[in-house]
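**Student:** Starting from the structure of chain A, add chain B where the hints point.
In order, the protein sequences belong to chains A and B.
If you read the first sequence in the working numbering, its first letter stands for residue 1, the second for the next number, and so on.
If you read the second sequence in the working numbering, its first letter stands for residue 1, the second for the next number, and so on.
Hints are supplied without guarantee of correctness; some may be wrong.
[As the list claims (entries may be wrong)] Pairwise CB distance ranges (calculated):
| # | chain 1 | residue 1 | chain 2 | residue 2 | range |
| --- | --- | --- | --- | --- | --- |
| 1 | A | N65 | B | S215 | 55 to 63 Å |
| 2 | A | P89 | B | N54 | 46 to 54 Å |
| 3 | A | N65 | B | P260 | 56 to 64 Å |
| 4 | B | S237 | A | T49 | 39 to 47 Å |
| 5 | A | A69 | B | N54 | 52 to 60 Å |
| 6 | A | S117 | B | A227 | 26 to 34 Å |
| 7 | B | S37 | A | N91 | 48 to 56 Å |
| 8 | B | A228 | A | P53 | 35 to 43 Å |
| 9 | A | A118 | B | S182 | 30 to 38 Å |
[Stated by the list, open to error] Incomplete in silico selection of chain B near chain A, CB under 8 Å:
| # | residue |
| --- | --- |
| 10 | I113 |
| 11 | N114 |
| 12 | G177 |
| 13 | D180 |
None of these hints come from the bench; they were simulated from the model.
Please read these numbers as outputs of a predicted model, since none were measured by experiment.
Quick reminder that beta carbons are idealized off the backbone N, C-alpha and C, glycines included.
So you can see what is in the structure, the chains are spelled out below.
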Amino acid sequence: MNKRRTIIVSVISAAMAAGAVSLALVVTQAGASPASPVPPVQAQPVTSTITFPLSGEVLAPPPANASPAMTAQAAAVKALNAPSGTAIPSNVTVYLGLYTLPIGDSSVCQQPGENCSADTIVGNTVYTYYQVLAYGYEYSVCGGSLADGCAAWEFVDANTGADLGGIRPRGTATAP
Amino acid sequence: MRGSFPKRLAAMAAAMLGLSMAAVGIVVSATPAFAVSCPNPNHSDHQAFLWTSNTGDVSGVRAGVKFLKDSALCDWTSSNTPWDEVWLSVEVPGTGTTIVQMGFIHDYNFMEINEWCKFWATPGTGAVAQNYGCTGYSVDDEENFSIHQDSTKTHYVLDDCGKNTTDYSNCTTKSMGTADFSLPAGAVSQEEFYGSCGEHEWGYSGDNMKIGSVSGSPILTLQGLGAAGQWNARDWSTQPDEQNCTNGGNYNWLTADSNPVHGVKWFDSRNTS
Numbered sequence: 001m002n003k004r005r006t007i008i009v010s011v012i013s014a015a016m017a018a019g020a021v022s023l024a025l026v027v028t029q030a031g032a033s034p035a036s037p038v039p040p041v042q043a044q045p046v047t048s049t050i051t052f053p054l055s056g057e058v059l060a061p062p063p064a065n066a067s068p069a070m071t072a073q074a075a076a077v078k079a080l081n082a083p084s085g086t087a088i089p090s091n092v093t094v095y096l097g098l099y100t101l102p103i104g105d106s107s108v109c110q111q112p113g114e115n116c117s118a119d120t121i122v123g124n125t126v127y128t129y130y131q132v133l134a135y136g137y138e139y140s141v142c143g144g145s146l147a148d149g150c151a152a153w154e155f156v157d158a159n160t161g162a163d164l165g166g167i168r169p170r171g172t173a174t175a176p
Numbered sequence: 001m002r003g004s005f006p007k008r009l010a011a012m013a014a015a016m017l018g019l020s021m022a023a024v025g026i027v028v029s030a031t032p033a034f035a036v037s038c039p040n041p042n043h044s045d046h047q048a049f050l051w052t053s054n055t056g057d058v059s060g061v062r063a064g065v066k067f068l069k070d071s072a073l074c075d076w077t078s079s080n081t082p083w084d085e086v087w088l089s090v091e092v093p094g095t096g097t098t099i100v101q102m103g104f105i106h107d108y109n110f111m112e113i114n115e116w117c118k119f120w121a122t123p124g125t126g127a128v129a130q131n132y133g134c135t136g137y138s139v140d141d142e143e144n145f146s147i148h149q150d151s152t153k154t155h156y157v158l159d160d161c162g163k164n165t166t167d168y169s170n171c172t173t174k175s176m177g178t179a180d181f182s183l184p185a186g187a188v189s190q191e192e193f194y195g196s197c198g199e200h201e202w203g204y205s206g207d208n209m210k211i212g213s214v215s216g217s218p219i220l221t222l223q224g225l226g227a228a229g230q231w232n233a234r235d236w237s238t239q240p241d242e243q244n245c246t247n248g249g250n251y252n253w254l255t256a257d258s259n260p261v262h263g264v265k266w267f268d269s270r271n272t273s
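Okay, chain A solo, but in the shape it has when bound (with noise of 0.2 Å):
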């Protein structure tokens, strides 16, 4: 545990350190339909720590030296399991950064019947994803600006193309 907390600890100073270098880092997006008429959309390196409060997601600036294996447009289409070329929609706004996605507190790990074996755990914190190197999309699913609460996102492991979720707002959704 206690080397798995040092590694995790370097981690996160190796990730603040990145954090202070100037970020010039653009990923440029390919694979998109040679008949398409719209550009590719292009990935942009998160520069501000994106904190979504209702969940405490965080999607943070990646290393200035991040270099992720896929186009945001190849990960898109393995992660969604799309036809090779579709394209990106212009509305899709895409970032790369560190993705991680809290669930709870430790203790809980700790109680009989409970698994968290599957988690990282820093502090007393147990993470579903801990800084994976990923693609957010960010999109609107209701009209309104994305500050209105119409923003969905979508997570894609930016090296494998791995789906880590995302997020979809909604109206009420609870029975009566």
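**Tutor:** Here is chain B on its own, set in the frame of chain A:
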């Protein structure tokens, strides 16, 4: 008889086009699987069952949920993005977001493609759904969800206990940070947003949308966790449909048995398969 080369070429091209179109139809559909009419895009609706207790006996809810894909959403637009959900929850009725919730959602992803995902939500995320697991499911797969208080009865644990599993022994926790509610209820529901009356719900008369079952499909029945720690079938009440669509008109809902209930189910009378 073999045709001429141009004819064979044309036939091959047609066959390849057909295969390609079929593949596209399976993998991705920018529009619903069949046409729906959505004259009132702002309509929403839900069909719900509640397990209530005045003595704080609602500590958790769990069930196998059948996965179906025969719902059809209204067309995607940038101003109204429709979605359907089927879910189970522990919640304080009427509060809107005092809820811990898991289930399936049918919506559009950012490439404007129909997708079917699992989701969870908590009071913090009550205004948003956390989608995950959007690929890898086949019709009639069963996903087992369990929402329950932790052993200290201070927090809710939201567990995804796997696809086509037969018990709750190997679960992945999606959330464990929500403090328990005062006098909550259990709820199971199907909901539709943005064009609900036109949207076709999940299931048809011959294959219903199910949460739990008495017939062994889903294998795991609908159960409630009491304060004393027992998972049992509970008494569930059908809630009035107070929104825009009509039970018995566009869709039908029914419990699978009399109380105590082992499963609930719905179907849309317009669906044929």
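**Student:** Range hint 30 to 38 Å: satisfied by the CB atoms of A:A118 and B:S182?
**Tutor:** 32 Å, holds
**Student:** Look at the Cβ atoms of A:N65 and B:S215 and judge whether their distance stays inside 55 to 63 Å.
**Tutor:** 57 Å, holds
**Student:** If you check the beta carbons of A:N65 and B:P260, does the distance land in 56 to 64 Å?
**Tutor:** 60 Å, holds
**Student:** Take a look at whether the Cβ-Cβ distance between B:S237 and A:T49 falls inside 39 to 47 Å.
**Tutor:** 46 Å, holds
**Student:** Quick check on a hinted range of 26 to 34 Å for A:S117 and B:A227, using CB atoms only.
**Tutor:** 29 Å, holds
**Student:** Taking 8 Å as the limit, does the beta-carbon of B:N114 come near enough to a beta-carbon in chain A?
**Tutor:** 11 Å, violated
**Student:** I want to verify a distance hint. Is the separation of the beta carbons of A:A69 and B:N54 within 52 to 60 Å?
**Tutor:** For A:A69 and B:N54 the Cβ distance comes to about 56 Å; the hint holds.
**Student:** Could you check if B:D180 really has its C-beta closer than 8 Å to a C-beta on chain A?
**Tutor:** With Cβ-Cβ at 12 Å, over 8 Å, it is violated.
**Student:** For the pair A:P89 and B:N54, does the Cβ-Cβ distance stay inside 46 to 54 Å?
**Tutor:** At roughly 50 Å between Cβ atoms, B:N54 and A:P89 fall inside 46 to 54 Å, so the hint holds.
**Student:** Just to be careful: measuring from the Cβ of B:G177 to every Cβ in chain A, is the smallest value less than 8 Å?
**Tutor:** 3 Å, holds
**Student:** Against chain A, is B:I113 within 8 Å by beta-carbon distance?
**Tutor:** 6 Å, holds
**Student:** Between B:S37 and A:N91, is the Cβ distance one that fits in 48 to 56 Å?
**Tutor:** 26 Å, violated
Violation of the numbered hints given earlier is confined to hints 7, 11, 13; the remaining hints are satisfied by the structure.
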